[in-house]
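Engineer: Spelled out, the chains give:
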Amino acid sequence: DGGITQSPKYLFRKEGQNVTLSCEQNLNHDAMYWYRQDPGQGLRLIYYSQIVNDFQKGDIAEGYSVSREKKESFPLTVTSAQKNPTAFYLCASSARGNYGYTFGSGTRLTVV
Amino acid sequence: KNQVEQSPQSLIILEGKNCTLQCNYTVSPFSNLRWYKQDTGRGPVSLTIMTFSENTKSNGRYTATLDADTKQSSLHITASQLSDSASYICVVRGSDNNDMRFGAGTRLTVKP
Numbered sequence: 023d024g025g026i027t028q029s030p031k032y033l034f035r036k037e038g039q040n041v042t043l044s045c046e047q048n049l050n051h052d053a054m055y056w057y058r059q060d061p062g063q064g065l066r067l068i069y070y071s072q073i074v075n076d077f078q079k080g081d082i083a084e085g086y087s088v089s090r091e092k093k094e095s096f097p098l099t100v101t102s103a104q105k106n107p108t109a110f111y112l113c114a115s116s117a118r119g120n121y122g123y124t125f126g127s128g129t130r131l132t133v134v
Numbered sequence: 183k184n185q186v187e188q189s190p191q192s193l194i195i196l197e198g199k200n201c202t203l204q205c206n207y208t209v210s211p212f213s214n215l216r217w218y219k220q221d222t223g224r225g226p227v228s229l230t231i232m233t234f235s236e237n238t239k240s241n242g243r244y245t246a247t248l249d250a251d252t253k254q255s256s257l258h259i260t261a262s263q264l265s266d267s268a269s270y271i272c273v274v275r276g277s278d279n280n281d282m283r284f285g286a287g288t289r290l291t292v293k294p
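Chains as they are written, first to last, in the working numbering: chain A, 23 to 134; chain B, 183 to 294.
If we strip away everything but chain A, and leave its shape as in the complex, we get:
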């Protein structure tokens, strides 16, 4: 089945640690996105990538980093510089053109 897979579903981070969230898709989509979801707010764009080896900052990129070495994969690293990382993180992908997103099931990150 084609889809987009995020792992892990739950992640706990200690203060000062970097953690990496995985996002893999087998839809052959060119574009991939990372969003952050907080209660009472709309999704906010962290980073996006339209092609391999290229990515762009979104609205809230500070404290995050990404890579796009393969078309299928777009991992997100939450660095220690992100002061309030506790949130629900959603990865999405889309085909070229005016198509909607396919979302993953999300990763809930909690700082302990």
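A hint or two may mislead.
To be verified - Just some of the chain A residues that point at chain B, by a computed CB distance under 10 Å:
1. Ile26
2. Ala53
3. Tyr55
4. Tyr57
5. Pro61
6. Gly64
7. Arg66
8. Gln78
9. Gly80
10. Ala114
11. Ser116
12. Arg118
13. Tyr121
14. Tyr123
15. Gly128
16. Arg130
To be verified - Now the in silico label distances, taken between C-beta atoms and shown as ranges:
17. Gly38/A to Thr291/B: 32 to 40 Å
18. Ser102/A to Thr222/B: 25 to 33 Å
19. Glu197/B to Asn50/A: 34 to 42 Å
To be clear, the hints were calculated from the coordinates, so they are not data collected in a lab. Note that beta-carbon positions come from the ideal geometry of N, C-alpha and C, so glycine has one too.
Using the hints, position chain B against chain A.
Structural biologist: Relative to the frame of chain A, chain B by itself:
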């Protein structure tokens, strides 16, 4: 100020009743508007998509309307079921797929 405002924030209805969710937006330029359903702890799933020229779009018991002049959209749910309990998110596409603006969502609870 968020460019996509949804109301109400939350809604509780009895099973079998109808309800209407609202979305007002100021995003410009406007390409299309989508409604997504998001179950708790899951990624959003697309329900409908409407372009500038479309006024109504149905998907089973879900009917979305769009008034591009007043920049308003609504999602009407008919004969609600317990499985309709979820957050419903309005998403407006601006100039391209990297310019998606998300509403904060309406949390719908359907009670037996």
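Engineer: If a hint holds in the structure, say so; if it does not, say that too.
Structural biologist: Quick rundown of the hints versus the structure:
With 10 Å as the threshold, the beta carbon of Ile26/A comes within range of chain B, its nearest partner Cβ sitting at about 8 Å, so the hint holds. Taking 10 Å as the C-beta cut-off, the interface hint given for Ala53/A holds, the closest approach to chain B being about 6 Å. Interface hint status for Tyr55/A: upheld, as the beta-carbon distance to the closest one in chain B is roughly 8 Å, under 10 Å. About 8 Å separates the beta-carbon of Tyr57/A from the nearest beta-carbon of chain B, less than 10 Å, and the hint is met.
Given the 10 Å rule on beta carbons, the hint for Pro61/A holds: about 9 Å separates it from the nearest Cβ of chain B. Using the Cβ-Cβ criterion of 10 Å, the hint placing Gly64/A at the interface with chain B is satisfied: the shortest such distance is roughly 3 Å. Hint status for Arg66/A: holds, given a least beta-carbon distance of 8 Å to chain B, under 10 Å. Checking Gln78/A against chain B by beta carbon gives a least distance of about 7 Å; that is within 10 Å, so the hint holds.
The criterion of a C-beta within 10 Å of any C-beta in chain B is met by Gly80/A, whose closest approach is roughly 8 Å, and the hint holds. A distance limit of 10 Å between C-beta atoms decides the matter here; for Ala114/A the minimum to chain B is near 8 Å, and the interface restraint holds. Hint status for Ser116/A relative to chain B: holds, with the closest Cβ pair at about 5 Å, below 10 Å. With its C-beta approaching chain B no nearer than about 9 Å, Arg118/A sits inside the 10 Å limit, and its interface hint holds.
Below 10 Å, beta-carbon pairs count as interface contacts, and Tyr121/A has one with chain B at about 7 Å; its hint therefore holds. Hint status for Tyr123/A: holds, given a least beta-carbon distance of 7 Å to chain B, under 10 Å. Evaluation of the Gly128/A hint against chain B yields a held restraint, the C-beta minimum of about 5 Å falling below 10 Å. Because the beta carbon of Arg130/A sits about 7 Å from the nearest beta carbon in chain B, less than 10 Å, this interface hint is met.
Remark: the range hint 32 to 40 Å for Gly38/A to Thr291/B is upheld by a beta-carbon distance near 39 Å. With their beta carbons about 29 Å apart, Ser102/A and Thr222/B fall inside the hinted range of 25 to 33 Å. A hinted range of 34 to 42 Å holds for the C-beta pair Glu197/B and Asn50/A, which are about 40 Å apart.
Violated hints: none; the structure is consistent with every hint.
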